[in-house]
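Trainee: So the chains spell out like this:
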Amino acid sequence: MNSWINLTALWKIVVVGLLAGAGLPALFAIGLRALSPARIAGSEQTQGGQSSGINPVGVTAAAVCFAVVLAAIGWGIYSIVSHS
Amino acid sequence: MSSNDLLMTLVVVTALSFDFTNGFHDTGNAMATSIATGALPPRIAVALSGVLNLVGAFLSFSVAATIASGLVQSHLVTPTVVFAGLVGGILWNLATWFFGIPSSSSHALIGGVIGSTLAAAGGHAVLWHGVVSKVILPAVLSPVIAGMIAALGTYMVYRLTQSVADGVRSRGFRIGQIGSASMVSLAHGTNDAQKTMGVITLALIANGSLAAGHKAPAWVIVSCALAISLGTYVGGWRVIRALGKGLVQIESPQGMAAESASAATILLSSNFGYSLSTTHVATGSILGSGVGKRGAEVRWGVAGRMATAWVLTLPAAGVGGALAYEAAHGIGGTAGVAVIFVALVACALGFYLNSRRTPVTAGNVNDEWTGSVVPTPTPVGAAA
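Chains as they are written, first to last, in my numbering: chain G, 24 to 107; chain S, 5 to 388.
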């Protein structure tokens with residue numbers, strides 16, 4: 024580490040930044056994809072209560088993805104409160 | 005009211021005005037992409053961002069690190085120096101807003117304070133090593149890092165949702181966008197409101213009203229939080245338009261990737277003690293989201309103009325700060341500060357009235373980009 028730039032901080036920001044900043048949207052995308060086969064593509068009625076087409080594995084996978092994303096947001100808020 | 009009371013009142017009012025310009029200049033950092041993709045109606049977006057900035061300003065109370073510590077010799081700073089620095093920052097913020105350029109409010113403030121310190125005490129009063137390592141290097145690196153993260157995020161998001169119907173995908177990512185943009189607003193309130201709190205605290209310490217090393221008093225925290233939140237709610241529509249429509253034709257998956265990259269970069273960096281420019285990070289992320297999507301058009305010309313303005317921000321605000329100090333000091337005492345204050349109000353009014361001739365509002369912010377709304381930047385005061 025030299026006095027002009029903190030290289031340790033830099034690589035941590037890049038690596039964790041990639042995990043959180045790019046990984047979380049990717050996870051969100053996976054969640055969306057896991058849910059989507061249940062919906063009829065092109066149909067405007069996505070609010071419909073007929074859940075006959077819903078695939079329980081997909082729903083579970085989506086729930087896990089979204090839960091991880093929410094947990095990461097919670098961690099982000101915690102990091103604002105405790106530091107910065 | 006004694007002469008000193010009047011001086012301190014003017015300094016505080018100017019600092020809060022800066023905070024207000026900081027708010028409306030930076031609304032776009034968080035909300036430009038959500039407005040551009042229709043995830044949120046423009047008015048709702050700025051209101052949400054305003055509330056989250058208010059909340060963000062109260063989330064953290066570690067105001068000990070003022071903006072000036074490590075950048076200038078704080079014992080050489082007087083209330084007049086702080087005042088002149090703020091004037092330089094406000095003028096640059098207004099000029100760049102007028103031309104729809106998302107330049108960094110933090111750099112405008114830092115540049116202004118450095119300029120006025122230079123004019124007041126000379127080169128030895130500025131800690132150049134701190135300026136390079138804490139301000140300039142992070143400013144060069146952060147947009148690149150944020151852009152990389154956003155590009156990768158965008159690429160993955162489109163790859164992973166190839167099989168998902170377009171309508172479902174847009175709707176889903178709009179929800180994600182609201183969440184990620186909210187995080188950026190929150191982080192902005194925490195970071196930027198604190199900078200003004202730090203400046204007012206610095207002026208109070210310089211005046212002897214507060215012991216050195218003291219934290220910001222409660223009234224400073226509350227008034228700064230309100231000023232930045234109000235500014236955010238007013239909405240800098242010119243800057244929002246430049247960011248949301250000018251750089252990249254943005255879709256909701258790109259918007260979510262861009263805001264996630266911004267939020268992650270800002271929060272991580274402040275964890276390591278770097279107080280980054282939210283503006284640089286957000287612009288880098290939006291560019292990255294254009295790079296990461298195959299076939300997306302990225303208007304590098306617009307980006308180049310923004311980058312030019314970024315390079316100019318520190319010196320231009322510095323010159324403004326130095327001139328304001330020389331003028332106030334030349335006239336002398338509280339009267340000098342009062343005269344410059346009146347001149348500042350006149351300039352601000354000039355910018356505002358000029359902007360009314362070619363208004364950008366919640367109603368036309370999303371109009372098709374024709375490339376002519378944002379002319380090339382001109383020096384501070386040219387349009388005043």
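Among the hints, erroneous ones may be present.
Just a sample of chain S residues kept apart from chain G, beta carbon distances all over 12 Å, derived [as the list claims (entries may be wrong)]: (1) Ser64; (2) Ile179; (3) Met187; (4) Ala265; (5) Tyr356.
Examples of chain S residues lying across from chain G (beta carbon under 8 Å, computed) [what the hints assert, rightly or not]: (6) Val364; (7) Ala366; (8) Gly367; (9) Val369.
One side of the interface only, derived from the structure: several residues of chain G facing chain S at Cβ under 7 Å [claimed, not checked]: (10) Leu30; (11) Trp34; (12) Val38; (13) Val39; (14) Leu50; (15) Ala52; (16) Leu55; (17) Arg56; (18) Ser59; (19) Ala90; (20) Val91; (21) Ala94; (22) Ala95; (23) Gly97; (24) Ser102.
Note that these hints are calculated values from the structure, not bench results.
Beta carbons are placed, not taken as given, at the ideal position from N, Cα and C, and that holds for glycine.
Trainee: Output the numbers, in ascending order, of every earlier hint that fails for this structure.
Mentor: Of the numbered hints, 1, 2, 3, 4, 6, 7, 8, 9, 10, 11, 12, 14, 19, 20, 21, 22, 23 do not hold.
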